[in-house]
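Participant: Assemble the dimeric complex from its two separately framed chains, guided by the hints.
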Amino acid sequence: MSWIGRSIRRFEDRALLLGRGRFTADGANGAAAVRFARSAVARGRLRSIAKPDGALIFTAADLADVKPIRPLLHRPDYVPIAQPVLAAGRVNYVGEAFAVVVAPDAATAEDVAESIEAEIDADDAVVDVDAALAPDAPKVHDAGTSNVIVEGRLRTPGVDAAFQRAAKVVTVDIRSRRQSAMPLEPRGGHALWDAASGRVTLTCSVQMPHMLRTGLADALGLPEADLRVIAPDVGGGFGQKMQLFPEYVVLVWLARRLRKAVAWVEDRHENFLAAAHARDQHYTVRAAFDADARLLAIDADIRCNVGAYSCYPTTCGVEPLMAMAELPGPYDFREYAVLARGVATNTCMMAPYRGVSRPVLTFTLERLMDTAAKHFDLDPVEIRRRNLIRKFPYTSAAGLVYDEGSYVQTLEAAAKAIDVPAFRREQARLREQRRYVGIGFSSFSERSGYGSRAFAARKMDIVPGYETVELAIDPSGYVVARIGASPHGQGLRTTLAQIIADGIGLPPERIRIVHGDTDQTPYGWGTFASRSLVISGGACKLAAAALGKRIAEIAGSMLEAGAADIELVDGNARVKGTDKAIDIARIARVAYQQSNRIEGGPGLRESATYDPDGTFSNACHAAIVEVDIATGGVTLRRFIVAEDAGVLINPMIVDGQVHGGVVQGIANALYEEIKYDEHGNLLTTSLADYLPPTLAEVPEIEIHHFETFSDATITKAKGVGEGGAIGAPAAVINAIVDALSPFGIEFFEMPVTPQRIRQRLREANA
Amino acid sequence: MSQPIAFTLRVNGKDYSVRVPARRSLADALRDDCGLTGTHLGCEHGVCGACTVLVDGKPIRSCLVFAVQAKGTEIRTVEGLAQEEKLHPLQQAFWEHHGLQCGFCTPGFLMLAAGVLEAEPNISDEELKHVLSSNLCRCTGYQNILKAVRAAAVEMKKRPK
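Residue numbers (the working numbering), protein chains in the order written: chain P, 249 to 1014; chain U, 142 to 302.
Calculated from the structure, these hints are not laboratory results. Glycine included, every Cβ here is placed at the ideal spot set by N, Cα and C. Please note: incorrect hints may appear among the correct ones.
Said to hold, decoys possible - Only part of the chain P face toward chain U is listed, based on derived beta-carbon distances under 8 Å:
#1 G267
#2 G269
#3 E433
#4 P480
#5 V482
#6 S934
#7 V946
#8 E948
This is chain U alone, in the form it adopts within the complex (with noise of 0.2 Å):
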């Protein structure tokens, strides 16, 4: 075994210095290292989407991206979604539109959401419906999430950047 690298992760505007093997995958850094356990993994193979961050406001499959390879970018998890105890128009939107039941798949729609609308506040429905496909979530159906998705893009749109 190679050995450990260490480096800083910045994650929701936070340094971590972190001592990692190469091979360690960003969402097992987040977890492990950073102790952020919003961050969840449903397949560890780039399908479910549970694992969803932003790095550099960009979603992204943390199972699929090896910790070294987030040094030096901005990461964002779930988090870092809400402001002090304030939700974000997203959590707040899955709240009121039961967009979750056993919340394992919540943390990754929510940042999957939130990079999507902040760089396409007008995203057509037929392209928000195509991109929140790019998640798993065995319990809603995902009629609630649709819905939510929906609610908090009107919402965001009003809010100051």
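Same shape as in the complex, but just chain P (with noise of 0.2 Å):
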């Protein structure tokens, strides 16, 4: 029987569960403590550091050998931006750092910090993405000749000629205001010196380990054998713990510098100030339908904020140029124009966070659905159902060849489950008791799984992409899969091990997945972008094969029948239809200890690497909601993913990614906003003003699973971790604005907070 399919319990649990797991800060005991301190100031010229006596405090001035960070995409419109890893001459944001200090405990170092003055001759921040467009707007670099330091363009040659023939042109401005992904974990490492060999091992909270050590070798001037890089337990990524920053790079200076260990744990108020940001975006599209409600041209202006550098290593493009590539989304049109810009502010940095700009151009999308849906007096289901592709490889107006799915299978499982007609007449009802309800859909593809032909199309410096995997049985029969991917919840240890199981005929549970240290893994690209259980499972699958392979051979000489003849099942290698079988540790024994009985060498161990185009999953959610018009509360009443993700290794952890998925994009539609004042202050610094979700505010959610198998993966198997993000914003504020319907109240913005809601309210005399 397949391993692949079953919701077997997770290998990580137990460990977790006993509290027993090891998380950053849980090792960092004995380490000298670390603290940053961090300008108050959003955009000025660094003119002094008062340093306190007697403590051990460094600057820019004692890092002058570091180089700055400068991740770099090889496109003409790229404007490189280097950050240094402490503030040297200027600050460009509030909260970036300009020293670190080291004491014997953190409290100590965080009195030191405080205590630590510098003088800052301030001047004029820009912070609102529209406002650093002005042709007057002060320019956080120097670099380039405005504040767009990343910028694409596309146009099909049909644009104009469809918008002349459209029968409506429809104009939705959607902006999203900023989020932070909020790992539970907020990050953390610390740095040990080896004076035996002159190594440093940095223990710390991040999604891509050997991507760090590249560009710590790189910034420090080091080879990459000097540095080890471990991703212990790690409380939480969605994109946060990518990137290289510049404390990382200081960490490891010091305990070079110092020679010893090193620990720098942030706190919350440093995460939020400090870490990087996500979302904060303003999108105007105009589309072109034809009579019949067929989208045939959209012409977009994409701003992205960016914040006041560029991250490593997918570069402040992620944003900009990922909404650029992927606003078509699940709709067939075939011309489109867009101009896609990140701007530069004095404001946190921007990186990937779950879903990246799918979130918002879904929102974009699924908004503009529904707005022309009105326009043409048509139901939200029967607009989608006329426009989503349905024909595959389906090429996108962008370019994007899109795999098979099931579009409209999921938008109308997702209205079946509903009972569309049955949701009317009870929001008529409602609506006589002056209670206001309301449906409302979101269909999105996620692109995922993608390797580095996917990330070289982006221009990008460093190409990530591909996976390897190492797989060893050793000699009692018990297998160790070495991976470059780097789970910190997705569940992998018990997924890939269920792949490789099937490859070679022995129970999950003696696989070990080992993964997150440079020293014991091939070099990979980690967990991030839904990946993972493709790239690296794929190369599971390719290993377990080879290795399945070299078990039959030998098992076929000990037991004289062709390789071909021989099946691997329930830890034995039997030749098919017979009782004739062995024991694949005894097989693995022979392997290692008798060689001499066997050809093709000593040993079992194969390894694999996988680098596919990607796959495209889909889905389709639907919401409803009541508003509550008094307090402009939103109550979701019934959330549904009907989604397809192809195979399914393990439907639980699927479950598991939609939920939470699902559960930080209702908190993208409806709390969870970071704002600052106009001269860069951060105003939410803390959970208080900060809102996730508690189980409180989030409804059951309902999932209905379609499983369309297409070529584009070995494991046809799809990527699941952002879809759930993408797609539920748009469905929840969809349904907020049909519930509102009888105001006449529309929503082009998120979140749509209770203020906001009451704000309209107000203005529509309701």
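Facilitator: Here's what the structure looks like:
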């Protein structure tokens, strides 16, 4: 029986449940404490830093030999920005570190950091993305001619003609406010100097340990051999922990300079100030429809506030260029014009957050669809039905190739689960009681599992994408798989073991997945972008197939049968259709201890690399909300996900990914917003100001699975890590607009907070 | 800085002699002075609940309590939930129902639920949801945490006290 498709319990869980997890801070005891002193000014010249006597403090002058972080895109419209690891000369956002303190314990380090006085000549800051585009706006950096530091354009030949022949042109102006990925474990790391080898081991809460090692080595001018990066248990990442942050460079520098162990454990305040933010975006979209409400063309102007620096390795192009490439979403139209700009401001750097730009572009398209439906007097389901892609492979107006999916089927399934006609009757009945319920749909695609060719097309200098797996069976018949992916909650120790188990006939509990340690694993790209199950899983399948073949060869020679006649099941290699079998553990013993008996050399190990072009998952979300017009409060009454991620390796884990993503999407729609004032002071610096949902705010999430098998991946599994977060905001806000339709109120901004609802209701005199 | 204070913390039935500054939080003392790192810190301002432990049976935020305030109390942390290697019904239920992903918030949710279910085995579902909304989880969307706690509540009622 196949292990793929079974909801087995996770191998990760036992240690975590017993309190025996090993998170970064758990190993920091005994190290000297590190604290960063951070700018309280958003933009200005750093004149002097007054250090208190007797404290161990370093500034940019001490780190003069450290190179700044300067990620590259090989595009003419990209302006490289250098980020010094400690501010030198200028500060560019509130929270930028300008000094680092080392003290015996964290509380003392904090006291010292607060006593450091920086004299900064403050200049006018630029905070808002549109203000930063004004011709007379202050320039954040000297480089380039404006605050636009990356720009992408695309225009198909027939855009103008499509708008000319359009029956209706619909425009939407969409604003997404800034968010934080807000992993529950903030950032942190400890760097240990080893006097014997001269090496430094940095243990840190990151998603991409190998990339971090490369970035650290480059910044510090070291061979990578002198560095070991360990990502132990990581308390969530969601993209925020992908980056090479300056703090990690400083930690390794300190360990080498001081010849001792140093530890930095970020607090939540610091995480809001200086870890990455996301999704501060403004889209203006014009869409041409024919008389049958079929989309002909889109013309989009996309402005992304990328903050003060460019994130490494994806660069500040990650949000605008993804929005440019993927805005066509799940809809079939042929003409597309887009200008996508990344705009520097005096705010914290932007970086990928679950879904990257897709929650915003989906919100844009789905508000567009509902707005157009109203113009055509069509039902929201019907306008989507007319426009969703149906033929595969499908090449989008932006040139992306979509593999087989179930776009129409998932829409129909969500609509059926809701029973739209019954809902409309209920809605009318409740309105008579002055209760306002509404329904919202959101169809979308989730590009996932893409390898190096897709990243190279973005012109990245650092091209992520492939994954390698090194698989070995030891002489006792136990298996170790060393992977370059770096899971942090996704359950890969379980799902990859399920894939390997099917290839070599051993149960998954005999298979240990080793990850997150650059000394122990092959170079890889960590875990992000809904990629690991697809790409590392594909590499596992290839390696397991090769290893299975090798086991069969040895078994064949031992059982005097052809290798092709051997099957691997339940821990045995068996001659098909007979009871002649041999324990795989016995074969392993022979492979290592009696290699003279077998041909092909000793040992049982294989490695494989997988580098696919990518696959598109798809889904339709449907939300039913009730809006309390007195308070502006929104209650979610139902939430339905009809989704298709191809073959589900472990359905329980897939559901968990959907649940978590949907709730982050609900947060995006209703609650979470990072706010700055006009001077660039951060106003949301605690969990009393920034409001992730609790259990009280979330509904039960109903999931309907479709499994479309495409040949885009060798496991036929598609990525599913981001979909929940991509689809949910649009479904929730469309539902709010539907609920408030008697007042003629529409929302094109998120989050739709109670304050925003009440403001609009007051304006409508409701 | 004031002189460190020496006292005993009783955690999971065992005495730990600590010598800490008055300002050290219970969470930091548990982690750094008792070596019990299962209690996690997610916000250090009393909102996320990752640091929840039981003090005299009641769930508290150990980041908001000074270690010295816990002198003379019975403290229970996640390390004390299982009996040797046998998982507590809550731990078992979180495992069966996929109530954790990254696992960082898990100790806090386990201790919150343990405190509540021990005090109120017949808690209503409404009230249970209300209590579980004290803590934050960023991975699971809470769906399976609720399922797990409901399942554990049934198991715990079967257990002899």
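Participant: Look at each hint and say if it fits the structure.
Facilitator: Okay, the hints, checked on the actual structure:
1. G267: Because about 2 Å separates G267 (chain P) from the closest Cβ in chain U, which is inside the 8 Å limit, the hint holds.
2. G269: For G269 (chain P), the interface hint holds, since the closest Cβ of chain U sits about 5 Å away, which is under 8 Å.
3. E433: holds, 5 Å
4. P480: violated, 11 Å
5. V482: Holds, because the Cβ-Cβ distance from V482 (chain P) to chain U comes to roughly 7 Å (cut-off 8 Å).
6. S934: holds, 6 Å
7. V946: The hint holds - V946 (chain P) has a Cβ within 8 Å of chain U, the shortest such distance being about 6 Å.
8. E948: holds, 7 Å
Against the hints set out earlier in the document, a violation occurs for number 4 only.
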